[in-house]
Amino acid sequence: MDVDAWSPAEIAVRIESLGVKKARADVVSILTLSVLAGAFISLGALFFTVVVTGSTFGLGITHLLGGLAFSLGLILVVVAGAELFTGNNLVAMAWASRRISGRELLRNWVLVYLGNVLGALATVALVVLAGSDAMGDGAVRDTALAIGRAKAALEPVRAVALGIGCNALVCLAVWLAIGGRSVTDKVLAIVFPITAFVAVGFEHCIANWFFLPWAIALGAEELIPGAARNLLWVTFGNIIGGTLLVAGVYWLAYLRPGLHPTD
Numbered sequence: 005m006d007v008d009a010w011s012p013a014e015i016a017v018r019i020e021s022l023g024v025k026k027a028r029a030d031v032v033s034i035l036t037l038s039v040l041a042g043a044f045i046s047l048g049a050l051f052f053t054v055v056v057t058g059s060t061f062g063l064g065i066t067h068l069l070g071g072l073a074f075s076l077g078l079i080l081v082v083v084a085g086a087e088l089f090t091g092n093n094l095v096a097m098a099w100a101s102r103r104i105s106g107r108e109l110l111r112n113w114v115l116v117y118l119g120n121v122l123g124a125l126a127t128v129a130l131v132v133l134a135g136s137d138a139m140g141d142g143a144v145r146d147t148a149l150a151i152g153r154a155k156a157a158l159e160p161v162r163a164v165a166l167g168i169g170c171n172a173l174v175c176l177a178v179w180l181a182i183g184g185r186s187v188t189d190k191v192l193a194i195v196f197p198i199t200a201f202v203a204v205g206f207e208h209c210i211a212n213w214f215f216l217p218w219a220i221a222l223g224a225e226e227l228i229p230g231a232a233r234n235l236l237w238v239t240f241g242n243i244i245g246g247t248l249l250v251a252g253v254y255w256l257a258y259l260r261p262g263l264h265p266t267d
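Numbering (my numbering), first residue to last: 5 to 267.
One should not assume that every hint holds.
[To be verified] Pairwise CB distance ranges, derived in the manner of DEER restraints:
(1) 253 with 110: 20 to 26 angstroms
(2) 107 with 226: 24 to 30 angstroms
(3) 186 with 130: 30 to 36 angstroms
(4) 159 with 192: 32 to 38 angstroms
Rather than coming from a laboratory, the hints here were simulated on the basis of the structure.
Since the model is a prediction, treat every value here as computed from it, not as a measurement.
By construction, the Cβ of each residue, glycine as well, lies at the ideal position given by its N, Cα and C atoms.
Given only the sequences and the hints, what does the whole structure look like? Please build it.
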C-alpha cells in the first residue's frame, strides 16, 4: 500500500474530478452535508472563543492557541465529511477545465452557502440555549461581544483583503488534506494553514455567520448593519482567495490545455 502523499499534479486531477461530483450531487445530499459543515465550523469558532477568553499569554501565543482550537472545524469537515462553501471554491477547477458548466458551479456554491448559513445559525441557537456565554462568570460573553464588534467595524476594503488571505489558506489546507492518504496526514495538513489564518486575523465568511449572529443574540443588535456589510465583503474576498489564488493558479500550473493528463 502506497503511503506517500499524492503529488501536486495528482492532487489537481483529484480535485477536478471531485469538483464534478460535488457540482452534480443531489440537492438533499448537498444541503444535508452543508448544514453539517456550517455547524462544524461554528463549533470550531466556539472552541476558539472559549480558548482565547482570559488568556494572559499575549497576542501571539493566544492567537496560536485559538487557531489550533479553530482547526477543529475544518478537520470535522474533511474527515467526517461535509460541504463547506470556502473549500468548495476549488470546484472552479472543474469549471475551468470545462467539465462542468457555470450554472452547475453556481448551483453548488449557492446551495452549499445556504446550508452552511443554516448550520451556523442553528449552532448559534443551540449555544444561546445552552448559555455557553456564561462560562467564566460571563467572560466568554465579553469575548464573543468583542469579537462581534471588531468584525462589524471592518471597512469594506480591509474585509475583502482579510477574506482573500483567509480562503487562500483554507483552500491550501483542503488541497494538502486531499494530498494525504491517512487521517493523520489530513489532520496535520489542515492544522498549520488554519492555525495561521486565525492567528493573523484573516476573515472566514461561514465562521462569521456564527460569530456575528451570536454577538447580536447576546444583545448587540446595533451590530446588524456592520454584520451585513462584513458578511458581504468577506464572502467576496473568500471567493477571490479560493478561486483565483488557489484553484486558478493550480489549474494554470497543472490542468491548462496541453498539460491536462487527458490531452
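Starting from the range 20 to 26 angstroms, see whether the pair residue 253 and residue 110 falls in it by beta-carbon distance.
holds, 21 angstroms
Exercise. Is the hinted range of 30 to 36 angstroms satisfied by the C-beta distance from residue 186 to residue 130?
Worked result: holds, 32 angstroms
I want to verify a distance hint. Is the separation of the beta carbons of residue 107 and residue 226 within 24 to 30 angstroms? About 39 angstroms separates the Cβ atoms of residue 107 and residue 226, which means 24 to 30 angstroms is violated.
Indicate whether the distance between the beta carbons of residue 159 and residue 192 respects the range 32 to 38 angstroms. holds, 36 angstroms
Checked against the numbered hints given earlier, this structure breaks only hint 2.
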